[in-house]
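Line by line, the protein sequences are chains R and C. Be aware that the first sequence starts at 1, since it is given in the working numbering, and climbs by one per residue. Be aware that the second sequence starts at 1, since it is given in the working numbering, and climbs by one per residue.
By construction, these hints were calculated from the structure, which means they are not laboratory data. Treat the hints with care, since some could be wrong.
Stated by the list, open to error - Pairs of lysine-lysine residues, derived as DSS-like cross-links and limited to a Cα-Cα distance of at most 30 Å, are as follows: (1) Lys37/C with Lys37/R; (2) Lys193/C with Lys193/R; (3) Lys37/R with Lys2/R; (4) Lys144/C with Lys37/C.
Number of protein chains: 2
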Amino acid sequence: MKVAILLYDGMTALDAIGPFEVLANVPGFQVEFVAEKAGPVREDSGALELVAARGIDEVPAADLLLIPGGPGDEAVMRNARVLDWVRRIHASSQWTTSVCTGSLILGAAGLLRGLRATTYWMERERLREYGAEPVVERWVEDGKVWTAAGVSAGIDMALALVQRTHGDDLAQALQLAIEYDPQPPCDAGSPEKAPPHVVALVRSAVEAQTAARRPGAAA
Amino acid sequence: MKVAILLYDGMTALDAIGPFEVLANVPGFQVEFVAEKAGPVREDSGALELVAARGIDEVPAADLLLIPGGPGDEAVMRNARVLDWVRRIHASSQWTTSVCTGSLILGAAGLLRGLRATTYWMERERLREYGAEPVVERWVEDGKVWTAAGVSAGIDMALALVQRTHGDDLAQALQLAIEYDPQPPCDAGSPEKAPPHVVALVRSAVEAQTAARRPGAAA
Numbered sequence: 001m002k003v004a005i006l007l008y009d010g011m012t013a014l015d016a017i018g019p020f021e022v023l024a025n026v027p028g029f030q031v032e033f034v035a036e037k038a039g040p041v042r043e044d045s046g047a048l049e050l051v052a053a054r055g056i057d058e059v060p061a062a063d064l065l066l067i068p069g070g071p072g073d074e075a076v077m078r079n080a081r082v083l084d085w086v087r088r089i090h091a092s093s094q095w096t097t098s099v100c101t102g103s104l105i106l107g108a109a110g111l112l113r114g115l116r117a118t119t120y121w122m123e124r125e126r127l128r129e130y131g132a133e134p135v136v137e138r139w140v141e142d143g144k145v146w147t148a149a150g151v152s153a154g155i156d157m158a159l160a161l162v163q164r165t166h167g168d169d170l171a172q173a174l175q176l177a178i179e180y181d182p183q184p185p186c187d188a189g190s191p192e193k194a195p196p197h198v199v200a201l202v203r204s205a206v207e208a209q210t211a212a213r214r215p216g217a218a219a
Numbered sequence: 001m002k003v004a005i006l007l008y009d010g011m012t013a014l015d016a017i018g019p020f021e022v023l024a025n026v027p028g029f030q031v032e033f034v035a036e037k038a039g040p041v042r043e044d045s046g047a048l049e050l051v052a053a054r055g056i057d058e059v060p061a062a063d064l065l066l067i068p069g070g071p072g073d074e075a076v077m078r079n080a081r082v083l084d085w086v087r088r089i090h091a092s093s094q095w096t097t098s099v100c101t102g103s104l105i106l107g108a109a110g111l112l113r114g115l116r117a118t119t120y121w122m123e124r125e126r127l128r129e130y131g132a133e134p135v136v137e138r139w140v141e142d143g144k145v146w147t148a149a150g151v152s153a154g155i156d157m158a159l160a161l162v163q164r165t166h167g168d169d170l171a172q173a174l175q176l177a178i179e180y181d182p183q184p185p186c187d188a189g190s191p192e193k194a195p196p197h198v199v200a201l202v203r204s205a206v207e208a209q210t211a212a213r214r215p216g217a218a219a
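Just chain R, with the same shape it has in the complex (with noise of 0.2 Å):
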């Protein structure tokens, strides 16, 4: 089972790591990073590269992909090329899968016209531009199409797709292998949990940042 998991400038490297950690120690899967180019990403802090291992030319297929989220994700929805790598993966893949904003790539590529899909808190009504009915839920199936909510939602999609093709002890085991026994000191991992004005608090940062990085806007 060979799986593809996409990197580019500007993604969040924990919609990529979190799944990455489980799936990459499923006896059978081969882990794959791939990007439009062979080499260094650097994800949406700056403060870090990631090395794909291989540009998008040099795989033509894979069983799983996953595509993970960030703010990079405007200039991925824009480029033709890696759209349609993701639609030529799509065709033979077993599974296709996004994490946060990675979902409205998967959109752009014209991957869920009529399915029920998510992605991150603040962008789901984006989900209708693509033709997908956006729900709120922690991660969503719609046939070979798995998508996840924000950021750490990629961690139990992936232990739910493990528990899928594997079975619940695989799934037990990776959980406990990664000691994921979430104990947050808060509980305001959603908006409907935290207090609204933190909820305005992250949506004015969020936004600010949006708006950085739209094109004509300083760099």
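Could you slot chain C onto chain R? The hints should help.
Relative to chain R, chain C alone:
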């Protein structure tokens, strides 16, 4: 506030990337990835390289040190140059932290003597070799030394640290920013919660991996 995250060959990527995704978004925090030498290191599965922007010689001090764990920890625990750097950073840090078996590296550097600490669930008793008292908690605070349990526990510890330094609002905002509303499909994230046969499965897999990388084992 300067945050230094140590990278090394054979580290577990999520140990670093989980808390990184929290700390990188704290206003005023500047995160640097540091390795023995600047440049790429390979995480434990072998699928991905992460690029350290700085070598330890270029980083004489940091306010917050974070040391991830992973099978490569043993080599770091025998690396006098890196252990010396860890001690130097600790001498003036505000916070010295670890995730998973990163605490064994702190121990090998002599920084856990007489402290309460935690680590990956399978390795807890090894903390005694370094004069620490093993504690079964998601993360353990002892003065400025905070140690997290395995792999994913670094996310919880980082949020708790932000809660301590900046208060509830920012901790909640960062939890919402990474949509950390965990909903794992199983409840097997600790050896107390996982079924005994699953615990045995993980234990034997990890022990086989450990034996394979012992000095003298076939590469």
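Which hints from the list above does the structure break, by number from lowest to highest?
Structure breaks no hint.
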